[in-house]
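Take 32 as the starting number for the sequence shown in this note's numbering and just add one per residue.
It is worth saying that the hints were derived from the structure and are not from the lab.
Using N, Cα and C, we set each Cβ at its ideal position, and we do this for glycine too.
Among the hints, a few may not be true.
Stated by the list, open to error - List time: in silico DSS-like cross-link candidates among lysine-lysine, alpha-carbon distance up to 25 angstroms: (1) K88 - K47; (2) K320 - K206; (3) K88 - K347; (4) K286 - K248; (5) K286 - K244; (6) K347 - K47; (7) K217 - K286; (8) K184 - K320; (9) K47 - K348; (10) K206 - K149; (11) K286 - K242; (12) K347 - K217; (13) K286 - K88; (14) K88 - K348; (15) K320 - K149; (16) K184 - K206; (17) K148 - K320; (18) K217 - K348.
Claimed, not checked - Computed beta-carbon distance windows for the label pairs: (19) E118 - K47: 39 to 47 angstroms; (20) K47 - A245: 37 to 45 angstroms; (21) S226 - N319: 25 to 33 angstroms; (22) V105 - A245: 50 to 58 angstroms.
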Amino acid sequence: MAFLAYRVEEDSSAEKPVYTTGWQSMEDSDLPDGDVVIEVHYSSLNYKDALSASGNKGVTRSYPHTPGIDAAGVVLSSSSEEFAAGEEVVLFGYDLGMNTAGGFGQHIRVPASWVLKKPDNLTMADAMAWGTAGFTAALSVQKLERAGIAPGKGPVVVTGATGGVGSVAVALLSKLGYEVIALSGKPEQAEFLTSLGASAIIGRDEVLALKGKAMAKPLYQAALDTTGGDLVSALIPQIMPEGAVSTCGMVAGIKVEASVFPFILRGVSLLGVDSVEIPREDKQSVLNKAAAEWALPGLNDLTTDLGRSELDATLKKILSGQGVGRYRLNLAQE
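From just these sequences and the hints, can you work out the full model?
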């Protein structure tokens, strides 16, 4: 069966490889082996997708390739008893869109162990308003709460607050009753962040000024970091006793420098958040929460809908750090 897919192709004939992108017609026979064939209705855009589309070999090893680490759609056929034709399903993480043809194609074929049951009270479109970025935000909040972070104990600062992960984190923390401080390098987005529930907005320079200090005044109960690098280093000394820092990103760097003092004198915890390879039951659990007690009625307000023709430019926007909120791709819309 024919379908359209956004393909990234590599021309390695020059000294430096050149990557071109575009929508192409493909057949189901072009798809990799797997148990479940899915007609993708919606996908979402994430920083990792932008990296894959730009030829980043740390994300995608070989080209041509179809990015898209998220997908929501309808099962066309299945060799697994877990899923039946016509069933609505959701996928995020594992190897989808990295080295396996992903959700920027109207059809995908994947192992059954990657597929999640879509809750009845969550539409496919809403699932992709969350996407990997939103689910990573939810997993970060869950990790902090398991470490003892709770409303009323002090503010929680969110880094990269205008991005896909950060914006959902601000909205979710606010819904759950936390005092949220949004950290952003985009002062022009202050109104957007306030609309999500942030009680205050601070700039990166304000936090980075304390980088290198072993201990600083404890200002935050916790930090939900989406960027990595120096911001994590600067925030650790500013966390209250028995507080925590979760981190899930690396757009600002992969190295963190910190004194042991905040860990041994204040009992601060540093928590890593993985949304890719965690067990399927954990992914299903957070998806169910997104459909129930953690549902965000305003999520569509921070989500920009795209058709296929808008995908290329938006990926470049995200790669340059200019993305705001969430982006949802409708595979049926030109």
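Now for the hints, and whether the structure bears them out:
Proposed proximity of K88 and K47 is supported: the alpha carbons are some 13 angstroms apart, at most 25 angstroms. Using a Cα cut-off of 25 angstroms, the hinted pair K320 and K206 holds, with the two alpha carbons roughly 13 angstroms apart. Between K88 and K347 the CA atoms are separated by roughly 17 angstroms; this keeps the pair inside 25 angstroms, and the hint holds. A threshold of 25 angstroms between alpha carbons decides the hint, and for K286 with K248 the separation of about 23 angstroms falls inside it, so the pair holds.
As the CA atoms of K286 and K244 are separated by approximately 16 angstroms, the hinted pair is consistent with the 25 angstroms bound. Note on K347 and K47: the hinted pairing holds, with a Cα-Cα distance of about 19 angstroms set against a maximum of 25 angstroms. Note on K217 and K286: the hinted pairing holds, with a Cα-Cα distance of about 23 angstroms set against a maximum of 25 angstroms. Distance restraint check for K184 and K320: the Cα-Cα separation of roughly 23 angstroms lies within the 25 angstroms cut-off, and the hinted pair is therefore satisfied.
The suggested pairing of K47 with K348 holds, with an alpha-carbon distance near 23 angstroms, which does not exceed 25 angstroms. Between K206 and K149, the direct Cα distance comes to roughly 23 angstroms. Compliance with the 25 angstroms bound is thereby established for this hinted pair. For the hint pairing K286 with K242, the CA-to-CA distance comes to about 13 angstroms; that is within 25 angstroms, so the pair holds. Of the pairs offered as hints, the one joining K347 and K217 holds, with about 18 angstroms between alpha carbons and a cut-off of 25 angstroms not exceeded.
A C-alpha spacing of about 20 angstroms is found between K286 and K88, which places the hinted pair at or below 25 angstroms, so the restraint holds. Note on K88 and K348: the hinted pairing holds, with a Cα-Cα distance of about 20 angstroms set against a maximum of 25 angstroms. Of the pairs offered as hints, the one joining K320 and K149 holds, with about 12 angstroms between alpha carbons and a cut-off of 25 angstroms not exceeded. This hinted pair checks out: K184 and K206 have alpha carbons roughly 16 angstroms apart, not beyond 25 angstroms.
For the hint linking K148 to K320, the alpha-carbon distance of about 13 angstroms falls within 25 angstroms, and the restraint holds. Our distance criterion of 25 angstroms between C-alpha atoms is met by K217 and K348, whose separation comes to about 14 angstroms. As the Cβ distance of E118 to K47 is approximately 45 angstroms, the hint placing it in 39 to 47 angstroms holds. At roughly 43 angstroms, the beta carbons of K47 and A245 sit within the given window of 37 to 45 angstroms.
Evaluation of the 25 to 33 angstroms hint for S226 and N319 yields a pass: the beta carbon distance comes to about 27 angstroms. Restraint check, V105 to A245: a C-beta distance of roughly 55 angstroms satisfies the suggested window 50 to 58 angstroms.
Going through the hint list in order, the structure satisfies each hint without exception.
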